[in-house]
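**Student:** As they're listed, the protein sequences go chains R and E.
Heads up: the first sequence begins at 0 in numbering that gives the first Met the number 0, then just goes up one per residue.
Heads up: the second sequence begins at 0 in numbering that gives the first Met the number 0, then just goes up one per residue.
These aren't lab readings, by the way, just hints derived from the structure by calculation.
Any given hint could be a false lead.
What the hints assert, rightly or not - These stretches of chain R come out as covered by chain E in the derived footprint (C-beta under 8 Å, 3 or more residues):
#1 226-233
#2 298-311
What the hints assert, rightly or not - On the chain E side, residues computed to face chain R include the following (Cβ under 7 Å):
#3 33
#4 60
#5 61
All C-beta atoms in this analysis are idealised placements derived from N, C-alpha and C, irrespective of residue type, glycine included.
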Amino acid sequence: MSTDQHAVPDEAELAAMSREEKATAGLAVDHVDLDEYGPVAVPGSPMDKRNERRVAAWFLLAGLLGLLFAVAFIWWPHEYVPAYQDGQLAYALYTPIIGATMGGAILCFGIGVVQLARKIFAHEVAIQQRHIGMSAAFDRQTLAAQVLDTVDKSGLKRRGVLKGALALAGGALGLVAAIPILGALIKNPWEERADSPLWVTPWAPLADGTKVRLTQLDGTPVRPEDLEAGSMSTVFPGVPGGAKASDAAVMLFRVRSDSVVRIRDGQQGFQYGDYYAFSKICTHVGCPVSLYEQQTGRVLCPCHQSQFNLYEGMFPVFGPATRPLPQLPIELDDEGYFVAAKDFVEAVGPGFWENGKFPAWYSEPKEATG
Amino acid sequence: MLALLFGLVTMALVFDAATKPTNVAEAANVDAAQIADGQRLFENSCITCHGANLQGVLDRGPSLVGVGQAAAYFQLSTGRMPAPENGAQMPRKLPVFTPDQIDDLAAYIQANGGGPEIPTTGLRDDSQVAMGGELFRLNCASCHNFTGQGGALSQGKYAPALNEATDEQIWGAMLSGPENMPKFGDGQLTAQEKAAIVSYIQNNKATIDPGGLPLGGFGPAPEGLIAFLVGMGAIVAATLWMGSRT
């Protein structure tokens with residue numbers, strides 16, 4: 000769209016031109032001059048032949064690897080073979096083989112294309128004249144006029160229904176993008192008030208007053224004699240869905256009888272003899288803490304290296320966690336199984352909007368058992 | 000009436016006598032010579048830290064009363080005992096004692112205070128690998144990593160990799176809770192569940208990694224690092240190469 004165009008040949012001149020001349024004329028219209036243009040090597044020379052062989056070799060290799068991929072994909076043993084059985088190695092090689100052949104084929108084809116451009120296609124050095132700064136005022140004004148004229152001629156300004164429909168479509172599309180975020184705000188977590196799952200964990204006694212048993216993953220209730228001194232067991236509330244509840248996992252510890260454990264204010268009697276139950280959910284960002292060092296009494300969180308000390312009332316002693324792990328009050332039921340005496344007395348896990356409601360969270364453990 | 004009473008007492012005595020040989024027979028399983036050999040080895044190699052009566056020595060070594068054959072076998076067969084020095088943790092090394100000597104020492108420990116013993120049969124249950132995997136991830140993976148590669152604990156301590164652990168050693172560790180590892184008694188993990196866990200660990204080790212190089216089995220951190228260094232490195236190298244050729 001330049002104002003000073005080269006002279007364009009008329010139809011008769013065009014008919015008389017060779018293909019090469021037409022190509023040059025096309026470049027000239029765009030102000031491109033070919034400074035150097037010609038084959039990379041003298042046609043038929045040893046270099047020319049060598050270039051051709053090299054490029055062909057890459058494409059042959061790509062084709063061969065592609066065929067190997069197809070063969071391996073169909074006939075290589077791909078069905079799972081467990082450990083200790085013949086054929087495990089062959090099965091384990093399935094994925095690497097199809098990956099290597101397919102990747103190799105793509106890589107070789109790519110190298111072949113690059114080599115084709117560098118070694119076979121004509122060598123050229125082209126020079127194009129460019130104007131400096133903005134386009135000419137004539138170019139700019141005519142282009143702007145064209146765009147605005149298109150809008151005017153369409154009559155969009157007077158078609159109110161169409162404009163409204165367009166706005167509605169755009170708004171609805173925006174809503175589609177925003178609804179996954181806004182949708183989560185529709186449900187009111189406070190609807191159940193005091194029984195809201197934000198306040199209550201599955202450890203809370205049932206409606207009829209039945210206390211919830213501490214059970215293993217498979218639902219087996221836990222008795223004191225199941226745990227040796229110096230052991231830790233992950234237990235879950237013995238209610239339907241208890242093992243899947245995100246706020247319910249609890250570590251049940253049995254310390255040695257000569258261990259001294261300090262107890263936090265208002266939590267006296269939460270333990271049963273040498274047995275202590277603490278939430279497994281880290282108070283930092285809610286990872287499962289369970290790297291228990293039975294000699295030092297430390298419980299480590301694998302995510303950010305927070306450490307809690309069981310002997311210090313599960314207070315954080317290292318890392319980013321700032322609150323102790325909540326203690327679950329436990330006792331025995333009539334049949335000698337562990338039950339939760341009541342729900343946790345503080346929120347489980349990390350940040351909670353009622354944080355600070357319980358002053359005991361910030362008090363140091365004082366009393367000691369022993 | 001007196002005759003009836005007399006008869007009952009006699010019967011009780013006879014019953015008592017009849018049941019006694021069973022206990023005697025159990026006791027006879029203990030090989031006195033083996034225990035004596037074990038005591039000799041103990042007095043040469045272990046007595047400095049664990050005391051003349053297995054009671055332990057303050058700041059040197061803990062009491063061995065009640066730790067059982069499981070603890071003795073685990074510590075001796077993994078070479079952790081005898082320890083060259085006190086440290087954050089005893090590293091695994093080549094065992095100092097021969098298998099026979101380890102059995103002698105374990106028999107001596109077992110004879111003085113009892114304790115958990117590693118069973119001789121049923122160490123593995125390859126039909127329960129999936130259950131073993133679930134139990135491993137719940138009870139063991141937090142410290143030993145889900146691929147059994149171990150990991151760091153506090154202040155220089157660490158959970159060791161399970162690469163070299165034998166079936167017996169894994170049983171011994173679960174039963175005795177060596178160093179900072181919690182104990183897993185048979186009430187917490189039944190013998191069947193322990194066998195399933197051992198099967199899972201050993202199957203895991205015998206499984207060839209279908210993804211190629213496991214990069215230590217440590218999970219996303221080394222994998223991401225390699226992907227970043229190798230991938231970004233390749234892109235930067237390709238960019239430099241293209242720039243140098245135009």
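**Student:** Which of the numbered hints above does this structure break?
**Tutor:** 3, 4 and 5
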